[in-house]
Each structure stands twice: as structure tokens, then as C-alpha cells.
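Take a look at the letters that make up each chain.
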Amino acid sequence: MTGGAGVSGTLRGARRPGPAWVVMLVCTLLACTNNPYPDADADKKILYTSFREAPRTLDPAVAYTTSAHAITGAVYETLLEYHYLKRPYTLIPGLAAGLPDTRSDAEGVTVYRFELRPGVLYQEDPSFGLGGAGRTTREVSTADIEFQLMRLADPAVNSPVVEPLSNVLGFRDFGERLRVRREAEPEFATLPAHEQYADVGPIEGVVVDAPLGLAVYVASDYPQILYWFAMPFTTPMPWEAVQYYDGEDGRPRLADHPVGAGPYVLAEYDKQARYVLDVNPNWYGVRHPEWKAPAATYPSEGEPEDLAAGRLDPAYVGRPLPFIERLEARREKEAIPYFNKFLQGYYDAAGVIRESFDKVIHEGGLSDEMARRGISLEKSVEPTVFYIGFNMDDEVIGTVAQEPGRKLRQAMSLVVDTEEYNRLFSNGRGVPAQSPLPPGIFGYDPDYVNPYRLVDLERARGLMKAAGYADGIDPETGKPLTLTFDTPDTSAQGRLRFEFFTHAWRQLGIDVEVAATNYNKFQEKVRNGAYQIFMWGWVADYPDPENFLFLLWSDMARSASGGPNTANFKHPRYDELYLEMKSKPNGEERMVLIREMTDILQRERPWIELNHAEDYALFHDWLSNVKPFGMSFPTVKYRDLDAGARTRQREAWNEPVLWPLYALIIIFVAVTVPGVVTFIRERQ
Amino acid sequence: MLAYVIRRMAYGVIVVLGVLFFLFLLFFTVTSPDDVARKALGERVPEAVVEQWKVNHGYDKPLFPEPGAWTDNMLVEHYRRMLTFDFGRSDADDTPIADRLRAGVGPSLALTVPLFTFSLLASIPLALLVALFRDTYIDRMGVVLCVLAMSVSILLYIIGAQYLIGRLLHWFPISGFDADPRVVVRFLALPLLVGLVAGIGGDVRFYRTVFIEESNTDFVRTARAKGCGEARIMGRHVLRNSLIPILTQVVLAIPFLFTGSLLLESFFGIPGLGAITVDAINGNDFSVLRTMVYIGSLLFVGGQILTDLSYGLVDPRVRLE
Amino acid sequence: MEAWVFSNIVVAILITAAVGLTGVVLRSRMWSNAFLSLWRRRRVAIIAIGFYVLVALLDSVSWVGGEQFGEDAVAKYQAQSILDRAFAGIRERSYSAPLASVEFYGGAPLVHPGRHLLGTDLLGRDVLHLALKGARVALLIGGLTSLIAIPLALLFGVSAGYFGGRIDDFVFFIMSTLASMPGLLLLITLIMVMGKSTFSVCIALAVTGWVGFCRVSRGETIKLRELEYISAARALGVGEMRIIFRHILPNLAHLVIITFVLMFSGLVLSEAILSWLGIGVDGSWGQMIDQARDELSRDPIVWWNISAAGSALFGLILAVNFVGDALRDVMDPRTLREGE
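Protein chains in written order, with this note's numbering: chain H, 1 to 684; chain F, 1 to 321; chain L, 1 to 340.
Among the clues, some could well be false.
[What the hints assert, rightly or not] In silico EDC-like cross-links for lysine to aspartate or glutamate, where the CA-CA straight-line distance does not exceed 16 Å:
hint, chain 1, residue 1, chain 2, residue 2
1, H, LYS525, F, ASP94
2, H, LYS271, F, ASP178
3, L, LYS76, H, ASP642
4, H, LYS479, L, ASP169
5, L, LYS76, H, ASP471
6, H, LYS521, F, ASP34
7, H, LYS525, F, ASP35
8, H, LYS521, F, ASP35
9, F, LYS54, F, ASP94
10, H, LYS45, H, GLU420
11, H, LYS271, F, ASP93
12, L, LYS196, H, ASP489
13, L, LYS196, H, ASP486
14, H, LYS271, F, ASP94
15, H, LYS271, F, ASP34
16, H, LYS479, L, GLU2
No lab work stands behind these hints, which were simulated from the structure alone.
Modelling step: build the complete structure from the supplied sequences, incorporating the hints.
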């Protein structure tokens, strides 16, 4: 260094930034807290939850995801609902005055007649101004339900439930008439939807016989149709909202702005960050508590365990709903911060994330630490099935390969250890699946053990040999048989999962390559039938075995109709049994049919059934009346919370630990001061 | 002077047009609109719905100008839309992209502007300090610390800070955001801290090099020979003469105020433009991604022009010709 | 050609090239002096880099055949590298801590107690093995990308600088266009559009990374072509190509080396970010960090995975950064800063 003389004078000036910085930091920290909410909200009855991905649409005719139903289910009201506590799931009247009258006429047509409650209002919304200046709401009528059913049939709406609702007389015909008319007259297609529908004429099987009466004519034997009236798809939909919320001139689209008659209204909707549901003052339960409507009062009966869990507390039984005045959902993309915020008391309820499982769950119950914090745990098996599927159209592993193909599938099924899979990837949560049917669904047999879902390496090797692939060697190439496992999942977690399966199959000498491509490429492969092995799951729409077994019905084959039978399983006997089972009432006869169907699946192995998901719901002790529901059904209106207790607990759990900061400052000073002092001394 | 300004701007426009052409090649010729439509609508939709979707998004026209469609094609449409800032609707969920940008820019700036300011306020003085003590153990330690800090992946900084500060010490919320001014500072503290620590190593090292180089120039040596105090030299002469590289660095950082916090925003749940971009990446939402790249380069080009013009202001030696 | 044969050939070429280069360095006074002074300054860092390279080579030499690899019946028909063979057949069922003799959760006894120096991961794979395998991926990313980017940058930079005029305008336009797009976004977009693979990651990194060096080599070429002896050569009628290859390129060699080293750490760190976005390279440290990040909130905490990957990454980047710094001081005191 040159010219080192005369430096000492102005050292102070140069040293300033370091300590100033620390002082600034301390100032911030003295006010520090990890409470993510404004302090003023602490005493309000606000339920805090989270969402991962904002739903793509909130249009009840299209929305089909759990995250969408969390909103649409609360904002839109349906004719029927499920009983909150009773299991098996039981339908109760919602907007309907009672369960529908059912009668069958001579031609095999079944008529369901609904009667709507009078004087039910929609939420306040500017769109009602279309029906008369200054109007902000109006009464719900059955014509609105007819309108919504027409929307479901409308090909332009592109509803995912056209298929099951086509059992309604004239449903597809209506959509076809609409399409033809629109193609012939482009002018017509620009009219508001309700005018188009009125012009084309009604759906034959949907008859509004009185302002509050609705008759639905169902052609084939399809008793499951009633379940659809408990889902937001069939909610009454005001035509005003459809016309008004078109996304033009700064108005939002219907997909982002629901208008319903349900217990809550969507008060704020920011897809990136949060949404807020407020109690709807127009909800019939709020306006008419004296009706004691079954879906607007807290239930008085339930299962024995509900009594034990305090869900039949006399303080609640018979009281009008809802209890919680506001629900705030924040976006949480990552599981860890979300779960930690739950532990800190900033979310009221949470699922158990895999990573924290051992901390939370101890030998099937809650760990001591959690129990001390007053956290409760509710377990329930969800009506779901997760499976690995084979493409039955494939030449090596499909039906075409006949006996060797079947043996190969059986062998591969025999080495996938679901228990181990559950242990590694979900901490033992989930019921190992023996057939497509989960517990709680009719047809599930707790004693049934699928012989191909036991782990038996020796037997699998034997089958490989019998299939002509001794030690996995493909006689054509002299090398291990190579298969491809296609997936759209490119995440790190996904890779570990697939590594688990491929490792299992490598024990048989089969080399399965994982092709993790992006979603587009994956869909393209599926469309073209260019796939061999895939992994998929199904969440039931309603609690009936038909909703699971149809996944392997040949009419639903992906290759034939683009349906959800991605395995392209086509088996004449299975189809025959399916059609017979479909409309049978639950009973011994139906059970026999289902047994034969599971036997076919057991032998043919279009799927390697993995598990039925198990939901572990955790919630703090200030939250009451929590019962996991399994199916996509909004339960917020039944819940209640004690905001005072919540605030106290949060404060106790989140005391900032400040000593490391002081330690840091001391270390900083200890390191720099001697250095600077030495330096000054040297210079002088 | 005026001629220079005009020429400089014209060149900027040409570069932006080039960027747009590059984006067009990437997003329209390499990926087909059908794929994008299928992704947005799901695979079980009839062909007619896909066609309708393509019409709604303007993806149904011929790609390049051809007889009969000299102006009505996707290339022209692409230029027209981007240049008039008519970004249309998102491929994935049909919301207007402009609305999303408006909603995202606030949270983004709330994070990046303080981060940028604090980094400058911290790294320039630190670099001056290190340069002042050059060739002593403070300098050597400083450089080693900088290299250490630079060699850690930012992922590790984020994960570590969330675990230590958020989870164990309860200083700040682990993640989240609220535009409410009463709570917004709580949410920003942790990402700010991480951004600062992750960036400071590189910044200090860069400015140190600048200062040391500047302090080896002849006139600084002259000042030193005349007996000027070292700290005074640093403060007066070196800092002032280093303004050009500092300014370049600063103005060129402007586009990164806008797009640069991809990771911080995503990990800390800040609904800014960076998070929107990451969502677009995960959801294959090419329309949003395209817009983001375009706006990023627009800002960059603008920043560059500003830098060039402002050279004249800070350094009379530079003449704009 | 099978991938493993190719890999072996590449290793052979690399070793031959290294031997040849050593010969060149030993013969040239300038280069050997530079290397000596580098060695004196950064002994530890150079040894560390040497270790990473050695590990990567051990993981690149592979052949088919051999005994049974644990439960895996396919492995013996596939090429296994020396590194894989050293760690073959010691898979456990799930997590175990470093040097533990029982499983981390549940406490079941391990099949190979005490053999896992850095523990095992969720699927029971040896973490040391995985971390060492990451070295090859990291060097591959850095090496392959530089192999694409540097010749590209030289081609454009030198021709623009040497010929000037239209060519210069064109190259300058391309450079400004690419440089004005936000780097990370452009990178991601390229990978998404090209599809996910090691090669496309490298191409994308190269496309976004070559501009800086192109600018430097253009500037340096402009300076060089004005030098007297090159003007003289031109006046004597020496061919353009000959001038470029005999006089210009050799004078850019030191820049190439410094750029390579300085670029390297940036590339490997970028890959870590790409991994987090799900578009990284299989088997990289970034991917290990991504897989392990949730493990920090396990209780009891699983720390060895993320620490192994994190420190392996940190070690390489640190060593490269130190060497890069010293290299710049030794070989080129000024020019490169402009390229940053």
C-alpha cells in the first residue's frame, strides 16, 4: 500500500456504516412479532385456512376440484345436502323443502319431484339490476335450477358432468339443438345465454311445474342422480349473474365472481394471495332461523364417536347456523411454512404434513407435545383410490399380449409393497388397497385380501418365468425387459416415489424407465395411446361403488371415448356385471355382482391398487365441531371457534427468542473492535 | 446531443423489436397452440371447444404473413398486441394479464425497492471500508468472507433463514404477505434479510474492485502524494470517480427490481410478479411468461438508455456523440 | 453408440488432452510461470478441484457386467461406473443417520450397520454415494455449457471485432437482444420450450451465458487487430483466417481460461435454482437440496442430506471462485471487469 501516512484522523467516518446497520436491525426487531394478521382482528370469529393453488374457475357448472368446492360449496346452495355427522353418508334436504318424491312410470322412467322452500333470497349483488332497476337481490325459483341444468348441457360451457347427467331425458338432445342452432345462426350465438336457452326450448326431462316445483325425469336406472343434486353443479343460478359477469368493461367473469344463495359470500378474491368469505345476511338460515331447516341448524344426531368427541354438545344442538362470521384463506404454496404457522396457532386447522408426522403422531395418537398444546386429531379414510395402471392396449403388457401379458402384470403387482410405500411416503397413512373400492363405500369387504397385492418375490419370479421373461430377460433382445412409466410429475418428491417403484421392479429384472415430461407432453402421450404404465388417483363424486367401478368400464376407455378409463380395460363380462350392478339397490345381490367384478380385476390386473388416502385432520382446541368429511363438501357453517382462547395461546407460543441477536452483536463487536484498534495503533 | 439521444432510442426500439421476434419464434413456432389449449381446458374436451378457445385467444390465425393474410396473422398480431400493451388473457385461467401485472407490481416493488436500497447502503460503505484497508488482514478477511457468502446457493440461505429465524426464534412470520400497512413490514423483514445476505458478498467484491482500480489512477496518486488523508481520498476522489461503474450497476439493476425476486417471492409467499412468473412456469402458462420476458427486456433497454444518457451528467469527460 | 461407451471415450480424450496440455504448459515459460504462481497462491483450492475432477472421472468410467448388485437384478446388465461399484449393494430400507447401526425412524437394525459415512436417504440410498455422483453432474453442466458457449462467443466476438462493419452491427444487435432479456426467465423459457434434459439445460445456459464473453472477446480483438505486427502481417498479404488463427486466437487464450473458471460457478449455482423449479438436471446437488428441503422440518430433524449436498456444492463453488480470483490476478489484471 502506498502513502499510508496520515490516515488515522478520519477513521470514525468510515466505520459508521457497520454499527448503524446493526442499530437499524435492532430497531426493527424490537417491534418484531411473527403474527401474520392485523392485531385488530384478534378478537373476531375469523377462521383462518389456506389454499395452495387458486381454482381455475368458480363457475359451479365447471368447477370440479376440492379447492374450488371449498368456495363454491359455501357460496352456492343446493337442493340436497349430506348430513354432517351421520355415516354412511345420508342425504338431507337443503334448499328443497324435503327429499324428492320418487315414482317410476311404465316405460322405466323415474321421476324425482322437488319442492323448493319459498322466500329464499340470493346474496346482494349488482347483477340483479338487470331484472329491474335498483334491484340487488331476488327470490330463488326452480326456473333458476332449470337454467343451470341447461348450462350443464350447453356444449359451450364445457361442463365435466355431462356424461352422468345425460341420464336425464333429453339432456344431450338439448345441447345438440343448441349447437346446431348456433352454427346455423351466428347472430343467435351472441344472445345472452338465457335467451338462447328459452328459444331452443326446454330439456325434455326437466319440468318446472310450479314456481317452486321441479320434476326431473331420468331415463335409465340411475338412482345415483340424487347425489348430483347435493353438489354445486346443480345449484340455482341467476341468469342475471351469467349475463352480467362476462369479463367485459371491467366486470369480472362469472368464474371469478360467484353469485349464490349459500351461507357465505365471496367478499374478496385475490388468486395470488387470499380470499375471504363473509356470512351472507340473505341466507335462509340467517333470515329464518325459525324454520329450523335441517341444513341450517346444528344436527342433533350422529354416530357414537361424535358424542365422545363433543360434536353433539348440547350447547350447539339445534342452534341456527352458521357460527363463524368470516373465513380467510391465505395462499400457502409450500407445506412447511404452512404447517409451522399452524403449530404457531396462525391457522386453526391443518392436515398433517408428511415431514412432521413423527413429531405430531405417536403410535397412532397425538404426540405428548401436541396433546399438551390442546391439539386434536381426527382420522378418516377418504373415498379415494390411488393406483398404478397399465395401458391394456399396449403390445407388451396389455390384453394383446394375452397370457404372458397377464402374468407380467401379476408379477409386477406382486412386488409393489404398499405398506412400505405408505410408510416411506405418507408415514403409514392410507389403507393399502385390495380393490378399487375404499372403506365406507358399499361393496368394500374388510376381509378380502387380494392375493396379487401381497408381496411375494418368489411367486413373482415364477410368473415372470412362465410369461417367458425368466429373470426379466426379454428373449428377443437378450437384455432385461424395458418398460416406460409415464408421468407429468417432475418434482423432486415425485422422483423419489418413482424410484421406489422402479427399484421394486428391478428385483424382477425389469428395467422400468421413468419418463417425467411436462403436462402437455404427458397428455399428448395419453391421447395418442403411447404409454405403458401410469399412476393415477380417483376421488369419488358420491358414495356409491358405481362411481369407482365405472373407471374400468369399456365405454369409458380413453382410447375409445376419451373417458377416465385410462387403462383402456375392456372386458365383456366385467361390462355386463357393471351394467347390472349399477342400478341395483345396496344388498346381497349387488354384493355378489361386485365380488365377481373384483375377481376379474384381481386376475386381469389392469391396475396395481396402491392405497385409499387417509385424512389426518389436526385442529386447535379453540375450534369446535370438526368432523372430516372425506368428500368435497363445505363444512364451515357447522364449525365454531373461541377467538379469546386463540389469542392467548398464540401469544404464549410465539415469544420471540432474542438472545441470539444480542449474541450476534457482541460477536460482531468482539471481532471488529480489536482489529480496528490494532490497525489504528499500527498506523500511528 | 439531441441526435445522439434519438439515435440511442431508435436503437433501443430495434432491440425491442428483435426481442419480440425471438419470443414469437420461441412461443409460437416451437410450441403449438393446440397443446396450450389442451393444457388449459383439460384433455376431455371436444375439438370445437378447443377451436373456440383458440379463436378467443387469437391463436387460430396463420403464423406468418402469407397471401391473403398479410396483416391478419399471428406474427403481426403478436407485435401489435405487445407494442400496444394489450396482453390479452392468460392461457391458463383466462384472467386479463394486465390485471395480474397491476396486482403484482406493488408487492414486488415493496420487496425489491427496499432490498435494492439497503444493499446499496450496506455494500458501498463496506466496500469503501475494505478498499481503505486494502492489503491488510481486514481486506483479506473481507474478500474471503465475500467469496464464502457468494458460494452458498440462495436456496440454502432461504431454507436456513426460514428454519432458524422464522421457526426457532419467532422473530418474523415464516412466509406470507398482506398489503395492509400495519403488518406488511413483518412479512418483508425476513426476505429482505435473506436477499441482503445473499447479495452482499458479490456486491462488496465488485465495488471493492472498482474502488481499488480507481484509487490506482494517476490523479489519486497525486492527491495522495500531496498528503491528502486516505479516508478523504476515498470519500472525495475515489467515490466520485467510481460513480460511472456504480451508476451502470444501479440502473441496470432496475429491471431486476421488477423480475429479480423469483425465488424470494415464491418461498416467502409474496404475491408479486416473481411469484406470478413462477406460477406461470409451473402451470405452463406461456402467455404470462411471454409478457414477463417482454416487459423485463423493455425495462432493461430503457434502463440502458438512461444509463448512457446520465453518463454525461456525472462525468463531464464523457461526451455524448 | 451406448452412452457408457461414449462416456469412456470422452474420459480417454479428456485425459489425453490434459496430458497434452501439461506438455504445452511445461514448454511455455509464460504459462508455466502463471501456473506456478497460481499454485503458490491457491494450493488448497486447486487440490480440492482436483479431487472433484477425480471423483467425476471415477463416476464416468463404466462397463457392463460383474456380480449381483444387491437386490437389483437389472444392474448387472447395465453399465456401472467405478464409483457405483464401490457403493454397490449397500442399500437400506429408509433413513439412517451417519454411521448409525439402526434406522432413523423406528430403530430397526440396518443391513449394513456403520457403513454409511453420511447416512442414507428416504429410500435408503447411501448419501455419500449420491453426493459424490453430483460432482460429475456439476462438472458436466459447467463443462458442456462452456464447450458450447465459448466457441460460440469466440466465433461471433472475433469475427465482429476483426471484420467490423455489417458483421459487427449484426453481432452487436444479437448481443443486445439476448442481453436485454431477463437472464433467469430466458433460461427457464428456453428449457420449457426445448423440453427437459441435461443437454437442453446446457444449451439454455450457453445461450444466456455467451454474451458476456462475446463482448470481451470482441473488444480484445479490436485492440489486437490495431497492433502493429498484425497490421504488418495484413500488409504482407497474410490470409485473414491465418491471422485470426495464428495471431488473434492465441492471444485470447488467457481470456478463455479465465472466463471458463469465472463462468463455471455461476452455471452450477443456476442449475440449483432450475432444480428447484423442477427443470434441473437429474442427480445434481440442486436436486438433492430440493428433495431434502422438507426434511428440515421432520422431527427429529434429518440434516445429513441437505448438509451433504449443500457442502459439496459449496466446496466446489468456493474452490472455483478462489482459483478464478487468483487466476484473474495472475493472468489479467484489467480487461475482464468490463465483461461483468
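When the hints from earlier in the document are held up against this structure, which numbers fail?
-> Hints 1, 3, 4, 10 and 15 contradicted; others consistent.
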